[in-house]
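Undergrad: As they're listed, the protein sequences go chains A and B. Counting in the working numbering, the first sequence runs without a single skipped number right up to 188 at its last residue. Counting in the working numbering, the second sequence runs without a single skipped number right up to 370 at its last residue.
Hints should not be assumed to be uniformly reliable.
[Unchecked claim] Which residues of chain B face chain A? A partial, calculated answer using Cβ under 10 Å:
{"#": "1", "residue": "109"}
{"#": "2", "residue": "151"}
{"#": "3", "residue": "156"}
{"#": "4", "residue": "158"}
{"#": "5", "residue": "160"}
{"#": "6", "residue": "165"}
{"#": "7", "residue": "169"}
{"#": "8", "residue": "172"}
{"#": "9", "residue": "196"}
{"#": "10", "residue": "286"}
{"#": "11", "residue": "289"}
{"#": "12", "residue": "318"}
{"#": "13", "residue": "320"}
{"#": "14", "residue": "323"}
{"#": "15", "residue": "338"}
[Stated by the list, open to error] Computed footprint of chain B on chain A; a stretch qualifies when at least three of its residues, placed anywhere within it, have a C-beta under 8 Å from a C-beta of chain B:
{"#": "16", "stretch": "10-16"}
{"#": "17", "stretch": "20-27"}
{"#": "18", "stretch": "33-41"}
{"#": "19", "stretch": "70-79"}
{"#": "20", "stretch": "121-134"}
{"#": "21", "stretch": "146-154"}
{"#": "22", "stretch": "160-169"}
The hints are simulated quantities; they were obtained by calculation from the structure and are not laboratory data. Yeah, the Cβ is synthetic: ideal placement off N, Cα and C, and Gly gets one too.
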Amino acid sequence: MNEPRYYLEGLVTNNESVVKDIYQKSFRNVIRFVSNNKGRREDAEDIFQKALLQLAVRYKKEKFEIKSSFEAYLFTVCKNLWRRELNKSKLKVTNDAVIELNSEDDDIAVSVLEQKRWELFTEALELISENCKAILKLFFAKVSYAIMVEQFNYNSETVARQRVFKCKNKLKDLVKSDVRYNELKSL
Amino acid sequence: MNIEDDILIEKFLRDQLSEAERSLFTERLEVDADFKTQFTIEKQLFETLDEQNWSFIDSNNEHVDSYKKILASDDIQSLKKTLIATNASQNDNGKPSNSTRRLFYYLAAASIVIFLGFQFFFNQNITSEALYNDYVNLDGLPSFVSRNDTENKLSEAQKLFQDEKYEEALIIFESELNSAEAKGNVLIYQGISQIQLKRYSEAEITFNTLINSDLIDAEKGYWYKALLYLKQDKVDDARNLLHKIKDEKLFNFENASNLLKELD
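Extracted from the complex, chain A is given alone in its bound form (with noise of 0.2 Å):
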């Protein structure tokens, strides 16, 4: 058996030992995640919790891989978690869909939905070409047609924002490709 497959098998077994095992080996990096980034002790407890209980839960039910070691890979969720956490408060004051304040299983629930959108997503962007990346990168993180053009060394905006356009649809096709945006597209 691989070593993130012993530990997902642990979980939906409820292997004392393996549990006890995870919580030495991570739990530590992700309260210091947390602390570095506006939480607090608790907020580590409990986003730790909710992540090996998303993995246990999607795992019960699909059985899916993980590529990288077990560790890197919760460590991963741990930060989506709280990446989720810090975002609730903007749920609030969004005008489209306002979404309800959940329960604790809703939203251990619907996380696992969530992961799986930013894995295909993610996995998407690595795909495409170095400088496609490279750019959208910057788009997404909002930084302006201008800069990149600094950046790049475009002619004009106009520029810029052609290669961003065609890049973004490289990265679509990309995704709409894959069978496993079936299940997320709607949501």
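Take the given structure of chain A and dock chain B to it, following the hints.
TA: Chain B only, in chain A's frame:
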């Protein structure tokens, strides 16, 4: 999609449209299905790939329901309990909370007074037993949560234990051990019941079982075994175990270190 629509969607997502443009935009979303599809994927990309943002999904859909069903299953609910227990043991390493610690220091101070008193009037046997009574903290043992048949029986046994009906409690602890979720707690109760009934060699076997298990509570076995030795006035054996607890920072290491001071 043409570049004009792309620019329009971008402006909407970056909140750069006027009030009038905005309402035209939302009207178009309602009537133009193709435009809505384009908008949806753009919005998802914007929110997912902007690291300051997050793309939320509404919980009102069948996929969420299917994950929620799994979350409610017995397996995952048991895992949840394990996570809570493991988190708690990470949190304080078995250290008592501030208020119990304060109470503990008070009791420790009081017990030293009693201890000094005993030294004048009684033999060592009674003092060890007094220390055992001070430190075993029967009221501080964890409770069993009523959830299913096994746990209900364990709650019943816990009540018998609290009423000092150790013999009857022990029968239930022993028979329910294998089907219990909180095996560590059952073993602790079982061992202490055996101590109270003066079945010391049985208690030692129970605590050794706990120590050699792969349960979260395994390390608690050392603490209770040390108390067992104390109760039997095997002061040297107790001291050895307490040193181990203190040095390896096992469960209750602070109490172990205080108890060592009292034994010296």
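Undergrad: Test coverage of the stretch 10-16 of chain A by chain B using CB-CB distances below 8 Å; three residues minimum.
TA: This one holds; 4 residues, not fewer than the three required, reach chain B with a Cβ under 8 Å.
Undergrad: Close enough to count: is the Cβ of residue 172 (chain B) nearer than 10 Å to one in chain A?
TA: holds, 7 Å
Undergrad: Is the interface hint satisfied for residue 196 (chain B)? The criterion is a beta-carbon contact with chain A at less than 10 Å.
TA: OK, holds: residue 196 (chain B) within 10 Å of chain A, min 5 Å.
Undergrad: Is the hint on residue 109 (chain B) kept, meaning its closest Cβ partner in chain A is under 10 Å away?
TA: Result: holds, 5 Å to nearest chain A Cβ.
Undergrad: At a threshold of 10 Å, is the proposed contact between residue 286 (chain B) and chain A supported by beta-carbon distances?
TA: Result: violated, 13 Å to nearest chain A Cβ.
Undergrad: Residue 338 (chain B) was flagged as interface toward chain A. Is the shortest Cβ-Cβ separation under 10 Å?
TA: violated, 31 Å
Undergrad: Within the assertion that chain B covers the stretch 121-134 of chain A, do at least three residues meet a Cβ-to-Cβ distance smaller than 8 Å?
TA: holds (count 3)
Undergrad: For the hint on residue 151 (chain B), does the least C-beta distance to chain A fall short of 10 Å?
TA: holds, 6 Å
Undergrad: Under 10 Å, Cβ to Cβ, is where residue 318 (chain B) needs to be relative to chain A, so tell me if that hint holds or is violated.
TA: Nearest chain A Cβ about 13 Å off; hint violated.
Undergrad: For the stretch 70-79 of chain A, count the residues whose Cβ lies under 8 Å from any Cβ of chain B; is that count three or more?
TA: Our answer is that it is violated, as 0 residues pass the Cβ test (under 8 Å) against chain B, missing three.
Undergrad: Can you verify the interface hint for residue 169 (chain B): is its Cβ closer than 10 Å to any Cβ in chain A?
TA: Nearest chain A Cβ about 6 Å off; hint holds.
Undergrad: Within the assertion that chain B covers the stretch 33-41 of chain A, do at least three residues meet a Cβ-to-Cβ distance smaller than 8 Å?
TA: violated (count 0)
In this structure, the earlier hints numbered 10, 12, 15, 18, 19 and 21 are contradicted, and the remaining ones agree with it.
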